[in-house]
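A.B. asks: Quick note, the sequences are listed as chains A and B, same order. Just so we're aligned, residue 1 is where the first sequence starts under my numbering, counting upward by one. Just so we're aligned, residue 350 is where the second sequence starts under my numbering, counting upward by one.
Please note that a few of the clues may not be correct.
[To be verified] Capping the alpha-carbon separation at 25 Å, the derived lysine-lysine pairs in PhoX-like fashion look like this: (1) A:K52 x A:K70; (2) B:K474 x B:K492; (3) A:K22 x A:K197; (4) B:K630 x A:K267; (5) B:K353 x B:K438; (6) B:K514 x A:K197; (7) A:K250 x B:K514; (8) A:K267 x B:K567; (9) B:K514 x B:K503; (10) A:K52 x A:K2; (11) A:K20 x A:K2; (12) A:K146 x A:K52; (13) B:K492 x B:K503; (14) A:K52 x A:K82; (15) B:K492 x B:K514; (16) A:K191 x B:K630; (17) A:K300 x A:K250; (18) A:K52 x A:K20; (19) A:K146 x B:K376; (20) B:K376 x B:K438; (21) A:K191 x B:K692; (22) A:K199 x B:K630; (23) B:K474 x B:K446; (24) A:K191 x A:K52.
The set of hints was computed from the structure by calculation and includes no laboratory data.
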Amino acid sequence: MKPIIELQHLSRSFEIKRQKIKAVDDVNLTLNEGEVVCLVGESGCGKTTTGKMIANLLAPTGGRILFRGKDINQMNSEDRRKHRMSVQMIHQDPYASLNPAHTIYDIISAPLRHHKITQDEKATYKRVIELLELVDLTPPEDLLDKFPHQLSGGQRQRVSVARAITVQPTYIVADEAVSMVDVSIRISLLKMMTRLKDKLGMSFLFITHDLALAKYFAWEGRIGVMYLGRLVEIAPSRQLVEQPQHPYTKVLLSAIPEADPERTRSKQRIELRSMDVPSLLRLPGGCSFHPRCPYFDGEKCENVVPELTYFTDSSAVACHPVQAQRQAELAHAPSGTRSGPEAGKYDRS
Amino acid sequence: MSEKPISGNAVLSVRNLTIEYRARRGKVQAVRNVSFDVQRGEVLALIGESGSGKTTVSLGLVQLLPGNASITAGKIVYQRRDSATGQLKITSVLELKPSELRAFRWAECAMVFQSALNALNPVLKISEQFGDTAAAHGYLHGKALAERSADLLKLVRLDPDRVWKAYPHELSGGMRQRVLIALSLLLEPQLIIMDEPTTALDILTQRNIMDVLNALRKQLDFSLIFISHDLSLAAELADRVATMYAGIIVELSSVHTIFMNPHHPYTIGLINAVPTLAGTKDELVSIPGQPPDLIDLPTGCKFHPRCPLVEERCRREEPPLEDIAPNHSVACWRWRDARSALKAYEVKTQ
Chain A
1 MKPIIELQHL SRSFEIKRQK IKAVDDVNLT LNEGEVVCLV GESGCGKTTT
51 GKMIANLLAP TGGRILFRGK DINQMNSEDR RKHRMSVQMI HQDPYASLNP
101 AHTIYDIISA PLRHHKITQD EKATYKRVIE LLELVDLTPP EDLLDKFPHQ
151 LSGGQRQRVS VARAITVQPT YIVADEAVSM VDVSIRISLL KMMTRLKDKL
201 GMSFLFITHD LALAKYFAWE GRIGVMYLGR LVEIAPSRQL VEQPQHPYTK
251 VLLSAIPEAD PERTRSKQRI ELRSMDVPSL LRLPGGCSFH PRCPYFDGEK
301 CENVVPELTY FTDSSAVACH PVQAQRQAEL AHAPSGTRSG PEAGKYDRS
Chain B
350 MSEKPISGNA VLSVRNLTIE YRARRGKVQA VRNVSFDVQR GEVLALIGES
400 GSGKTTVSLG LVQLLPGNAS ITAGKIVYQR RDSATGQLKI TSVLELKPSE
450 LRAFRWAECA MVFQSALNAL NPVLKISEQF GDTAAAHGYL HGKALAERSA
500 DLLKLVRLDP DRVWKAYPHE LSGGMRQRVL IALSLLLEPQ LIIMDEPTTA
550 LDILTQRNIM DVLNALRKQL DFSLIFISHD LSLAAELADR VATMYAGIIV
600 ELSSVHTIFM NPHHPYTIGL INAVPTLAGT KDELVSIPGQ PPDLIDLPTG
650 CKFHPRCPLV EERCRREEPP LEDIAPNHSV ACWRWRDARS ALKAYEVKTQ
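Take these sequences, add in the hints, and give me the full structure.
C.D. replies: This is the structure we're talking about:
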């Protein structure tokens with residue numbers, strides 16, 4: 001698989017009241033062409049910040065993002081323009097992300113005109129119809145003159161998807177794209193996006209807090225789990241759900257209630273050492289999960305930040321006890337996710 | 350429609366409850382003809398999508414509906430057996446005078462809302478929130494109240510020393526939600542209504558609240574109406590589940606039956622639409638179409654425009670909620686073959 005996006009020591013901190021908050025801290029990850037990767041984690045884990053940096057809506061404060069080998073924050077204006085079209089974002093709230101004063105036709109035709117993708121009004125109209133059909137809004141003619149408030153949540157989110165693909169992106173960042181939509185129609189939205197991905201050859205970063213949804217959407221892809229700004233585990237989706245390695249992933253999976261009364265009531269729960277979520281302002285030293293970790297193993301966990309380490313089964317885990325236990329299965333990291341002595345090489349001067 | 354008699358064991362009996370909202374476009378028929386019982390010590394989950402009427406029902410039960418809503422029909426009967434004399438006290442909630450209603454709320458029926466931050470007064474310490482509630486109902490005060498509250502806070506796994514003198518903003522979302530649960534238990538109500546109590550919370554915090562609720566049920570004697578759009582929470586907590594669609598209950602049964610042997614096409618569709626951790630990829634199907642406009646409801650069965658099993662009769666006549674087995678009622682003309690017919694339909698469309 002060819003890498004399309006490489007995150008190298010990616011970090012982002014914010015300053016609030018003169019205090020520094022590390023929202024994303026040293027994330028290394030390679031996203032491949034045609035691949036679906038889901039980022040999961042609880043609120044404040046940095047998954048949305050990571051998504052925004054990939055979509056170039058937010059600049060990193062450390063490390064870099066390569067798009068097809070080029071640093072997206074060092075591009076000349078022509079490359080940057082192209083890059084902005086190649087990566088599109090679908091936002092969570094279709095009630096806030098569509099201009100309420102514009103008709104559906106206005107919303108979808110604007111990028112076509114702005115980027116001169118269609119040459120005249122007739123071609124624009126034809127393309128808008130095509131796009132609406134692609135996202136299963138049929139018959140498209142009925143929707144053209146409607147305003148967002150006249151559409152249901154599901155229909156609005158389809159309009160957002162149609163708008164995102166007007167500029168023929170190669171990469172889509174979808175941030176909680178179905179969480180505001182009723183459960184009965186989520187699956188049809190996800191199926192539509194999967195179909196578009198295959199048809200238009202796009203790759204996806206799908207950000208969600210719902211692991212079951214992540215497993216479904218990234219069936220052939222990977223799931224990455226973030227905790228307090230760090231990527232703590234990434235593995236092929238089904239493998240991650242069935243054989244989680246990182247204690248945080250295990251705790252999360254054991255905590256999720258399931259829509260099956262017998263299974264959910266007999267599920268083995270893993271208890272945390274502490275229920276308190278550390279503040280992002282005062283992150284614990286070493287592994288930031290150590291104060292809550294059921295596998296806590298003394299000094300090393302308290303003092304040394306565990307690196308994300310790849311194993312032969314293509315999982316990667318940032319946890320000292322797991323790494324010690326699986327010493328024999330260590331593997332080389334895929335390109336772009338080098339760590340260790342080479343780490344300093346990519347630091348910005 | 351014939352009305353089920355009210356049994357002495359039920360804490361709450363709702364019969365033919367109908368609630369409308371006035372809107373500019375017309376009348377919003379939010380709840381129509383809803384009947385159910387809540388037994389002593391039981392957890393009843395109301396599940397459904399947004400606009401199905403589940404929150405409106407719960408607000409109707411404690412008469413906290415907004416000004417543009419009116420209860421146009423039905424009755425709500427609340428019963429409490431005096432522990433000393435064994436006598437049954439029957440209250441008709443809709444006929445209570447305002448002062449009686451104020452006493453009824455919280456002392457008999459407490460409510461835990463979705464957003465715990467909005468439910469707690471931001472300028473009052475937790476101790477004052479408990480104090481105000483107790484004073485309003487002429488309950489304990491002073492040291493006795495502090496002791497009782499500390500016990501309740503311990504029950505919901507909070508440290509009373511940390512929480513008692515804190516303001517709501519000093520607590521995390523999960524802690525506030527647990528404070529609210531402790532507060533709801535203060536006056537020993539027989540019935541607690543929880544509207545999406547874990548929706549805005551993270552997975553691990555949600556797990557903590559669910560564990561607290563499960564533990565409380567074992568220790569205390571109260572009934573719970575649990576409102577959620579999340580099927581998995583209902584699966585975990587409920588004894589019985591009512592599925593709501595377009596303002597009516599379309600299926601009502603034990604949690605086991607609802608999840609393992611549902612008979613209404615909407616319940617079946619809802620369960621098939623939710624991805625699970627253990628599930629495979631092919632089982633999942635969305636329900637086609639979208640929920641109806643509550644101002645301009647479809648004729649006949651309100652689910653018929655989205656139902657794959659629709660027949661002529663479904664378009665004409667609305668099916669009543671009928672008992673198809675002991676403790677299992679369904680509102681569907683085709684409940685007999687819904688399961689097998691839907692399976693055949695899925696195979697055909699794939």
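A.B. asks: All the hints need checking, so say for each whether the structure fits it.
C.D. replies: The hints, checked one at a time:
1. A:K52 x A:K70: Satisfied, since the Cα-Cα distance of roughly 18 Å is no more than 25 Å.
2. B:K474 x B:K492: 16 Å, holds
3. A:K22 x A:K197: Violated, because 33 Å separates the two Cα atoms, which is more than 25 Å.
4. B:K630 x A:K267: 22 Å, holds
5. B:K353 x B:K438: It holds: about 20 Å lies between the C-alpha atoms, which stays within 25 Å.
6. B:K514 x A:K197: Judged against 25 Å, a Cα distance of about 54 Å means the pair is violated.
7. A:K250 x B:K514: 35 Å, violated
8. A:K267 x B:K567: 18 Å, holds
9. B:K514 x B:K503: 15 Å, holds
10. A:K52 x A:K2: Satisfied, since the Cα-Cα distance of roughly 22 Å is no more than 25 Å.
11. A:K20 x A:K2: 36 Å, violated
12. A:K146 x A:K52: Roughly 30 Å between the alpha carbons, so the hint for K146 of chain A and K52 of chain A is violated.
13. B:K492 x B:K503: 16 Å, holds
14. A:K52 x A:K82: Since the Cα atoms of K52 of chain A and K82 of chain A sit roughly 17 Å apart, the hinted pair holds (cutoff 25 Å).
15. B:K492 x B:K514: 14 Å, holds
16. A:K191 x B:K630: 11 Å, holds
17. A:K300 x A:K250: 21 Å, holds
18. A:K52 x A:K20: 19 Å, holds
19. A:K146 x B:K376: Holds: K146 of chain A and K376 of chain B sit about 24 Å apart, inside 25 Å.
20. B:K376 x B:K438: 36 Å, violated
21. A:K191 x B:K692: The hint holds at about 20 Å.
22. A:K199 x B:K630: Holds, because 19 Å separates the two Cα atoms, which is no more than 25 Å.
23. B:K474 x B:K446: Distance of about 31 Å is beyond 25 Å: violated.
24. A:K191 x A:K52: 24 Å, holds
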